[in-house]
Amino acid sequence: MGTVISNERLADNVYHLRVSGDYGGEMGQFYMLRAWGAYPVLSRPLSIHQVEDNGIEFLYHVVGEGTELFAQLTPGDDINLEGPFGSGFPAVTGRVALVGGGIGIAPLLYCAREIPGCDVYLGFSREPFRTEEFRPYAAKLTVDVGGLILDNVDFAEYDHIFVCGPHPMLKAAQLKGIAAATSGSPVNVYLSLENRMACGIGACLVCSVSCKDGQRKACADGPVFLAEEVVFHD
Amino acid sequence: MIKTGDSSSRNTELDLSARIAGVTFKNPIVMASGTFGFGKEYAKFYDVNELGGISGKGLTLQPKAGNQGTRVYETASGMLNSVGLENPGVAAFLDKECAYWETLDTVRIVNLGGNTFEDYVAGAELIQKDADTRGRKAVDMIELNISCPNVKEGGIAFGIRTCDARELVRAVRQATSLPLSVKLSPNAEDIADMALMCQEEGADAVSLINTISGMKIDVRRRRSVFNNLYAGLSGPAIKPIALRMVHQVAQRVEIPVIGMGGISSATDIIEFIMAGAAVIQVGTYNFMNMRAGQDLLRDLRQFMLEENIASLDEIRGII
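Top to bottom, those sequences are chains A and B.
Sequential numbering of the first sequence, starting at 572, is according to this note's numbering.
Sequential numbering of the second sequence, starting at 41, is according to this note's numbering.
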């Protein structure tokens, strides 16, 4: 059980939650969070935004009943955390870009801290948030509001690109990765997928992801996958 | 009889066990198919050998990729799922998962689904053959799922009308000598009639209820949330219906009833036992509490101590 240190509203329906306790994890991993008793039935998966000595931080977008309850948390409240779960971003070297769209920037701050000298691209449809926190770690920081952040990224310039954002952005990143490879600039594109989850640990198969080699579990095999492995159906 | 003493010595005197077709469950808490994988994932959180049993992820003869699109959606006090029986297939299960099951000291139940009559029977034959080869070290029981609501090709078709299911239960009974429970659908025309048929055809038990067919519409996108239109409702929302059906069935059949549907507390377990269940299964509650089995067992023992119940047999079927 953790204790809420702060729960600050950053933008329209976007919040920054800090929880005290000895919680660790690797870049791109997530926790199952629960700030209630029996209902809602399911816990909510949130990726690690940042790990601190005295606690852990998350960003979340209020989209439903569970995240609405998160938004009501105040300092001192109890919150149950299980984790860290999943397979996150790999520790890589070379030329690295981090590309986040909207709430998809959440797991990337931790990556920026772990990969000094990376380039960071953050895109927002309206109000930007948490962009300055990236600046100390980024060799280059690009922030876009209202456009398509991927348009700013030359995939040929990088060895590894980490992407987290809305579904269309992930599909577009996959295509850009393929195009770069085809034109002689192979790049490892890693996508952090968002899926509805129930168990969070690989038992229930509700978060299944279609991959070239069959069905994989977003919660246990992912949430981070090599873009070329993922088969998008829509 | 409960004697005075410290709680640990009193705990050892409690009898939580039950027997179905010669198989002893050390306590009534069995994890429900589809919510517990094959047990490995939850073994990281507590010793799954504490459980009465595990019903593994539902298997079909051939591997299945399951349904596309959204597979889970939260509802008031429950959830809808449309996994569509994603599974590695019976043969891959026997090759890859059974070695782990051989190490477990809990009742291991293979949940067998299917699309066609022939697939069910061939699946049962494979499991029987493997059990014979291994000397029944990995599988204690088959749970025949005639009621999966998320598979278009069949599944539920067998689970609705008693006359459609009879031939299937008979054929699977002939294909295996392993203890056999038939998992019934609440969507059946008459679930007690269905259970009676299973008894007549030689089933050793019936398991009920599977999920209740339900629906969720995304009003902004003007379409069902699920590609398959309907999905299976589970969780605390369905508990009163499940309890009523377990009671109805227990009144009608002599064979043991494995009861399930929304169980999420020790008192829920007691209700199902009082309604006539031999053992119970826990499904959705695993998603509410990763240590569900451990916590329910502790709370169940505590309840028995508080209520001076030395053996669950004292209260089984008293309603």
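Just so you know, the hints here were simulated from the structure itself, not pulled from any lab data.
Here a beta-carbon is modelled for each residue, glycine too, at the ideal position from N, C-alpha and C.
Treat the hints with care, since some could be wrong.
Said to hold, decoys possible - Covered stretches of chain B (in silico footprint by chain A; criterion: 3 or more residues with CB under 8 Å from a CB of chain A, positions within the stretch not fixed):
#: 1; stretch: 77 to 89
#: 2; stretch: 121 to 129
#: 3; stretch: 322 to 329
#: 4; stretch: 346 to 358
Stated by the list, open to error - With a straight-line Cα cutoff of 16 Å, these simulated EDC-like cross-link-like pairs (lysine to aspartate or glutamate) come out:
#: 5; chain 1: B; residue 1: K80; chain 2: B; residue 2: E142
#: 6; chain 1: B; residue 1: K84; chain 2: A; residue 2: D784
#: 7; chain 1: A; residue 1: K742; chain 2: A; residue 2: E728
#: 8; chain 1: B; residue 1: K80; chain 2: A; residue 2: D792
#: 9; chain 1: B; residue 1: K177; chain 2: B; residue 2: E142
#: 10; chain 1: B; residue 1: K80; chain 2: B; residue 2: E90
#: 11; chain 1: B; residue 1: K104; chain 2: A; residue 2: D784
#: 12; chain 1: A; residue 1: K711; chain 2: A; residue 2: E728
#: 13; chain 1: B; residue 1: K66; chain 2: B; residue 2: D353
Said to hold, decoys possible - Estimated spans, in silico, between C-beta atoms of each pair:
#: 14; chain 1: B; residue 1: K80; chain 2: A; residue 2: S696; range: 39 to 45 Å
#: 15; chain 1: A; residue 1: A582; chain 2: B; residue 2: K80; range: 37 to 43 Å
#: 16; chain 1: A; residue 1: D593; chain 2: B; residue 2: R284; range: 44 to 50 Å
A quick look at each hint next to the structure:
no. : hint                        : in the structure
1   : 77 to 89                    : holds (count 4)
2   : 121 to 129                  : holds (count 3)
3   : 322 to 329                  : holds (count 4)
4   : 346 to 358                  : violated (count 0)
5   : B:K80 / B:E142              : holds, 12 Å
6   : B:K84 / A:D784              : violated, 27 Å
7   : A:K742 / A:E728             : violated, 20 Å
8   : B:K80 / A:D792              : holds, 15 Å
9   : B:K177 / B:E142             : holds, 6 Å
10  : B:K80 / B:E90               : holds, 14 Å
11  : B:K104 / A:D784             : holds, 13 Å
12  : A:K711 / A:E728             : holds, 13 Å
13  : B:K66 / B:D353              : holds, 13 Å
14  : B:K80 / A:S696: 39 to 45 Å  : holds, 41 Å
15  : A:A582 / B:K80: 37 to 43 Å  : holds, 41 Å
16  : A:D593 / B:R284: 44 to 50 Å : holds, 46 Å
In the structure shown, a violation is registered for the earlier hints numbered 4, 6 and 7, in ascending order.
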